[in-house]
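Protein chains: 2
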Amino acid sequence: MIRGVLSILLVLGAVFTAFATSKQYFPKSGKRSPQTLSRGWGDQLIWAQTYEEALYWSRSRNKPLLVLFHLEDCPHSKALKKVFANNYEIQKTLDEDFIVLNLVYETTDKHLAPDGPYVPRILFVDPSMTVRADITGLYGNRMYAYETQDEKTLLANMQKAKKLLKQEL
Amino acid sequence: MIRGVLSILLVLGAVFTAFATSKQYFPKSGKRSPQTLSRGWGDQLIWAQTYEEALYWSRSRNKPLLVLFHLEDCPHSKALKKVFANNYEIQKTLDEDFIVLNLVYETTDKHLAPDGPYVPRILFVDPSMTVRADITGLYGNRMYAYETQDEKTLLANMQKAKKLLKQEL
Numbered sequence: 021m022i023r024g025v026l027s028i029l030l031v032l033g034a035v036f037t038a039f040a041t042s043k044q045y046f047p048k049s050g051k052r053s054p055q056t057l058s059r060g061w062g063d064q065l066i067w068a069q070t071y072e073e074a075l076y077w078s079r080s081r082n083k084p085l086l087v088l089f090h091l092e093d094c095p096h097s098k099a100l101k102k103v104f105a106n107n108y109e110i111q112k113t114l115d116e117d118f119i120v121l122n123l124v125y126e127t128t129d130k131h132l133a134p135d136g137p138y139v140p141r142i143l144f145v146d147p148s149m150t151v152r153a154d155i156t157g158l159y160g161n162r163m164y165a166y167e168t169q170d171e172k173t174l175l176a177n178m179q180k181a182k183k184l185l186k187q188e189l
Numbered sequence: 021m022i023r024g025v026l027s028i029l030l031v032l033g034a035v036f037t038a039f040a041t042s043k044q045y046f047p048k049s050g051k052r053s054p055q056t057l058s059r060g061w062g063d064q065l066i067w068a069q070t071y072e073e074a075l076y077w078s079r080s081r082n083k084p085l086l087v088l089f090h091l092e093d094c095p096h097s098k099a100l101k102k103v104f105a106n107n108y109e110i111q112k113t114l115d116e117d118f119i120v121l122n123l124v125y126e127t128t129d130k131h132l133a134p135d136g137p138y139v140p141r142i143l144f145v146d147p148s149m150t151v152r153a154d155i156t157g158l159y160g161n162r163m164y165a166y167e168t169q170d171e172k173t174l175l176a177n178m179q180k181a182k183k184l185l186k187q188e189l
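Protein sequence lines, in the order shown, are assigned to chains R and D.
Take the first sequence: its letter number 130 is residue 150 in this note's numbering, and every next letter is one higher.
Take the second sequence: its letter number 141 is residue 161 in this note's numbering, and every next letter is one higher.
The set of hints was computed from the structure by calculation and includes no laboratory data.
Honestly, I wouldn't trust all of these hints.
In this list, chains with the same sequence are indistinguishable; a pair is considered to hold if it fits within one copy or across any two.
As the list claims (entries may be wrong) - Below 25 Å or equal to it, Euclidean Cα-Cα: the simulated BS3-like pairs (lysine-lysine) are:
id : residue 1 : residue 2
1  : K43       : K172
2  : K102      : K172
3  : K172      : K112
4  : K180      : K102
5  : K112      : K51
6  : K43       : K182
7  : K112      : K180
8  : K43       : K112
9  : K183      : K51
Bear in mind the structure is a predicted one, so any value in this text is a computation, not a measurement.
Using the sequences and the hints, build the whole thing.
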C-alpha cells in the first residue's frame, strides 16, 4: 500500500517536473509577436538570413541577389518599405528571379557600401559574387538610394541585374 | 462636358494604375506564412539576424551571446529545438541575460567552429568578443553539440557564460 502511494507520488513528481520545465515562457512585459525575416518588406518572399546564406543561394541557383540595407526606425526606410512591399511587379520579379536579403546591420564586406553605409540602400550582386556597383539609382551623392517615387528606376535596375555578367561575356 | 468625362477617365485611370501596382503579390504555389527569425527556437526571444548585429548588441548591452547553428531538415536539430523552445528556464535566462542568434549557415569567423561546422552546435561569445571555446558539452568528438537530454548541461554552461571574462580578471 505504502509502496503504491510512493510510486504514484514519484510519477506525479516526474510529471510535475516535466510540466514545470516545459512550461511556455512569456516575458514579464507581455507576449511578443514573433519577429519576421521580411521585416515588412514582403512576407511572401523567401528571405535569406545572412549575406553568406544569400551568396550561397545566388551561386547555386544562378540568380542575382538583391541586398537591401534599412533601419526599422528610419522614416525614409519606412516610406520605401511601404512602396516596395506593395508593388506587385517588384514582389513578383523578386520572388521568381532573385535571391533577397534585407539587413539592419552592415556586413564585413566593404564592397556592399561603395559610397558609404547609409539607409535605405539597395545593392545587386551577380551569381559570380561580383557586387554590381554599376547599377545605381538617381542620386549622385547616394548612388544606391531609392526614394518612394523611384519604383520604375528600381524595376529597370532589377532588369539590368537579371542580365548576368557571365552571359554578357 | 467632354472635358469632364475625360478628367473622370483620367482620374479613374490613375486610380486603377495605382491599384494595379499596389496589388498584393502571392506566389502561384499559394500564400506563404511569413518566415520567423526564431525558426522555432523561441518565438518570445529577440533574435539577432546576423553575427555582426549580435556582436554589436553583446558589446553595447554587456551581455554574453549564444550562437546556435542548426539545420531545418536535420533530425538532431529538430529534436533539440523542441526541448530548447519549451524549456522555461532556458528561454527565461536567454531572454533576460543573453543576446541570441540562430544560424543555418556558417559565418566567415572560423572561431565559431573550433572543432568543425556540424549541427546542432552552440557557442558562447563574451561581450569582449572572445569566443568561449572553453564552454563545452558532453561529447569529446563534437565538443559544442547538445542532445535532448543535455538541458542541465546547457543551463550550467549558460551560467558559466554569464560570468563575464573581464569580471573574472
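Results of checking the hints against the structure:
| no. | hint | in the structure |
| --- | --- | --- |
| 1 | K43 / K172 | between (51 Å within a copy, 16 Å between copies) |
| 2 | K102 / K172 | within (15 Å within a copy, 45 Å between copies) |
| 3 | K172 / K112 | within (14 Å within a copy, 47 Å between copies) |
| 4 | K180 / K102 | within (23 Å within a copy, 44 Å between copies) |
| 5 | K112 / K51 | between (33 Å within a copy, 13 Å between copies) |
| 6 | K43 / K182 | between (49 Å within a copy, 23 Å between copies) |
| 7 | K112 / K180 | within (16 Å within a copy, 48 Å between copies) |
| 8 | K43 / K112 | between (41 Å within a copy, 11 Å between copies) |
| 9 | K183 / K51 | neither (46 Å within a copy, 29 Å between copies) |
Violated hint: 9 only; the structure is consistent with all others.
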